[in-house]
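Peer 1: Chain residues, written in single-letter form:
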Amino acid sequence: MTGPAPQPLIEVSHLWKSYDGHPVLKDISFAIEEGDLVSIIGASGCGKTTLLRCLNGMEILDAGRVTIAGVTLERTAKGKRPDRNFHQKAHALRTEVGMVFQSLNLFPHMTVRENIMLAPMIVKKINRDEAEHTANQLLEKVGLLKHRDRYPYHLSGGQQQRAAIARALAMNPKVMLYDEPTSSLDPALVEEVLEVMRELDREGMTQIVVTHEMRFARNASDYIIFMERGEIVEISDEDEIFLDPKDERTRKFLGQFVGRDF
Amino acid sequence: MRHPWHVLSRAIMLIALVTTWSFATLALAEVSDPGKDSTDPAAKTTEATPTDNEMAVAADAGTTGEESSDGETEEEETEYTDADFTDVQTVQASSDILRYGVDLEGGLPYFLDSWDGSGKLIGFEQEIIEEICRRLNRKPVPVQINWDKLIPGLERGLYDMACEGQEITPEHEAVVQFTVPYYVTGLQLCTHERHAEINSLADVEGKRVGVLKASLSYDLLAEMGNVDIATYDTEVNGFDDLINGRLDAVLFDQPVALYYGKPRESEGIRFIDEEIGAVKYGFVIDARQTDLLEKVNTILLDMRASGQLRAILERWGLWNAQTAREFGDPDVTPRAEPVMLNAWVEHSRPITGLRARFDRYVSFLPMMVRGALLTMEVSILAMLLAVALGFVLATIRVYAPWPLAMLSVLYIEIIRGTPVLIQLYFIFYGLPAIGIKLSPFIAGVVGLGLNYAAYEAENYRAGFAGVPHTQMEAALSLGMTRWQAIRHVIAPQAFRIVLPPVTNDFISLLKDSSLVSVITLVELTKTYGLLATKYYDYFGTGIMVAVIYLLLGLPFVRLARYTERKLAAHLPSTPNLRR
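So the sequence lines, in the order shown, correspond to chains P and R.
Per my numbering, the very first residue in the first sequence carries number 62; after that it's consecutive.
Per my numbering, the very first residue in the second sequence carries number 679; after that it's consecutive.
Simulated from the structure, these hints should not be mistaken for laboratory data.
Some hints here could point you the wrong way.
[To be verified] Sample of chain P residues facing chain R (criterion: CB under 7 angstroms; computed from the structure):
| hint | residue |
| --- | --- |
| 1 | S105 |
| 2 | Q163 |
| 3 | N166 |
| 4 | I183 |
| 5 | V184 |
| 6 | Y284 |
Since this is a predicted model, take the numbers as computed values, not measurements.
In this text, a Cβ means the ideal position worked out from N, Cα and C, and glycines have one as well.
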C-alpha cells in the first residue's frame, strides 16, 4: 500500500467499564480498518459482549474513547452521571453501527418486511415505497424474499437471524456488530447465517463478531481478538493465533478445542 | 399489508388527542366565566356550550302547562322530557328564565312526568311554579338534582329556587331564605287491614312503624318511646313492607302517603283519619336574589287570597284543615273533585294482566334508552380519557427519570386509594370553591376518567413488563429514540397484553358510571330508580335494567375478542384466543 496509512474506521482507546465496582473491561485499546472482519473470542464472562455493547453506545463507558466513522464517544469524569451530550453521541453512533443480538429479537408483531422497513421510515423518514423497495432488495440478499410477509414466530431461528441482519443493514451502517449470532441456533442452521456474513465481508463491510464458532473465526476473519478477564490478551492473524499463539493464556483457551474440526 | 395496530394506534391517538383537547378547552372555558350572568335576552337559549348535547336539550326546555296561554309569550308548548333536566350552570342565569331545583325520583305529587305518556312535567308544585312564572313573565326551567342536594345546589347557584316540600322550621330559616307558606301538610298514618286495633297514632305503641329517615315522623315516634321504628329512603319500600307484613304501620308526609298509598288500598292499605302535626312548606329562594323573594311572596299571597292556590291543591286532593287555617279560609271541605289524585289512583292500580304489564315495560323503553345513551356517553368518554392518561402515566412510571416516575406513582396510589364517589363529589361540589365549575357531564367524565386512568396505568405497566427488554435494545440499536421505540415497538406489543384487563375495566366502568347520578345526571341506574319508585316495581324494572346493562357491555366484549385475535395473528398458536 502506498501513501499514508488510512485512518482506522474503528478506534478504541483506554476503555474502562465496570458493573457495581466489578471491572469488566480494563484499559481496552485497538483499531480496526475498513473492510475487516474481526472475531472476538474468549471464555464466557471475559467481557466480549460488554465490549461490543460499548461500541454500540448501549453501555455508558466509565472512561476511555470509542471512535467509529468519525463519531466519538468519550468519557473522562468517572462516577458522575453522563451528560446529555453523551447520550446524543451514543444515539449518533448507533445510526452508524448495526447490531445483531444473540437473542432472537425481531419485532414479533410485524412481518419480516415491516421489521426491516420500520427504522428507515421512522428514523430516516424514508417514504414507504422506498423503504419497501430497499427491504425487498435486502430480503433477496439474505434469501428471505419469499417469506417477506410472514411473522417472525413462523420462521426458523436461522431465518430470523438473517432477517435481523437485513434489518440492521437497512439503516446503511458502516459497521456491523454481531453478538454470538449463532449461539441460540440449531447447529444445522448456523451455516446459513455465517454465509450471509461471509457474503457481506466479500462486499467490503466492516464487521466485528463475538463468537464461539472457532471454525468460522479461523476461516472468515481477517484477524482475531482473544480476551480474558476484561483484557485483550492477543490480537493476531487468524492462522497465527490457532497455529502459534503468542500468549500462554491463548494457548490454554484454544487447547479446549483441540481435536475438534476447525 | 398493514398490521391492525397501525390503524388502531392512529385511531386511539387521534381520539385521545381530540378528547383531551376538547376537555381542556371546555374546562378552560368554564373556568374563565364561572356563573357569568347573562342579561342579553337573545342569549337565553343559545348560551349552552356546544359539546354537551344534554345542555342543548336543556336550553330547549320551554314552558309547559295550560296557564301559559296568555298570548303575550311567544313560546310554543314544549314538552319536558327527563333529558330536559340538567345542570343550569350551562343554562346561564337570566332574567328571562326561572330555574328551579327538583328531584323527580320520589317527586310525586310535587313534580313528576305525566302518566299519560306525554312526557310533560306535572305536579301540584309544578302548577304553582308555572303560575308564578306566568306572572313574572319568566320561563320555567327545571333542574334535576338529588333531593338532599337541593339546598347545596341552590347555594352553588345552579338554580334560582329550591322546591319540593322544603319545610319551614326555625333551624332551616336560620340558614336559608323561605317564601311564605304555600301549603301546610300533616303526617299521615297508614296501617293494614289485618291491624284492626290501630286507629290512631297512640295505638302504634309497641308496633313496628316505617318512616323516612331524618324526618319529622321519625322525631315524633322517637319521642313516643315505645315504638319500633324502621327507616326508609323512599315511601314505596315502606308501603311494600307494610303489605308484605314486615311493618304494622307507616307514618309519612301526607301528600306522599296519599299518592303512594291510595292506589294500594286494594292491597289492604288503610288510611287513618287523624290530624297529626303541621309542617309548612315554602320555596327556598337564592339568598342573593332578595327582589325575587319579594315578588314571589306577593304572587303567593295573591294566589292564596284569590283561591287560585286552593284550587290547585283541591285538584290534587291535598286541601286540608291545616292549610285552611294557614290561609285563613274557614271552609275545610273541598269544593272540587280531586281529579289529579283520582286519575293517578286509576292509572297506577297494580297491573295484573301479563299483556298490560308488558305494555308498561314497553312504555319504559324511551326513558331507558335515554338513560342508557347517557351511560354509554359517560362511559366511553371516561374510558378514552382513562386509556390515554393511563398510557402516559405508565410510560412515565416505567421509562421516565425517577422524579417524574415518583409523581406518577403518587397519582396512581392516591387515586386508587380513595373512593371514586368522594372524587366525584370533590370535583363537582368541591372544586367550585377554587373557581373551577364543571358541568355535571364533564365532571362525571373527568371524575371517572381520572379515576380509571390509575387502573389503566397499572394495566399498561404490566403490559410493558410483559415485553422482553431485548425488544427495547433492538429498537435502540436501530437508531430509534426511546420514545420511538416505545411508540412503535413496545406499546403495540403491550397493547395486546393489556387488552383483556382493559376490556374488563371498561365493563366495570360501565356499571360504575351509575355513580354520576350523585352529580345530577339521569343515567340508566337513576332511570331505574325513577321508574321503580313511580310504579312500585323494583322487580320487573330491575330485570329490564340489568338486561340493558348486559346488552351495552356485550358488543365491547366481542369487539375486544376480535381485536385480540387480530393482534395475535403473529403468534405461533393461540388456541385459547381462537374462540
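Peer 1: Hint validation: Y284 (chain P) versus chain R, beta carbon distance must be below 7 angstroms. Holds or violated?
Peer 2: violated, 25 angstroms
Peer 1: Would the hint on N166 (chain P) be counted as holding, given a Cβ-Cβ threshold of 7 angstroms to chain R?
Peer 2: holds, 4 angstroms
Peer 1: When the nearest CB of chain R is found for S105 (chain P), is that gap smaller than 7 angstroms?
Peer 2: Result: violated, 18 angstroms to nearest chain R Cβ.
Peer 1: Grab the minimum C-beta distance from V184 (chain P) to chain R and call the hint holds if it beats 7 angstroms, violated otherwise.
Peer 2: Interface hint status for V184 (chain P): holds (5 angstroms vs cutoff 7 angstroms).
Peer 1: Hint Q163 (chain P) vs chain R: min CB-CB distance below 7 angstroms?
Peer 2: The hint is violated - Q163 (chain P) has no Cβ within 7 angstroms of chain R, the shortest such distance being about 9 angstroms.
Peer 1: Is the shortest C-beta separation between I183 (chain P) and chain R less than 7 angstroms?
Peer 2: Nearest chain R Cβ about 5 angstroms off; hint holds.
Taken one by one, the earlier hints fail for this structure at numbers 1, 2, 6, listed in ascending order.
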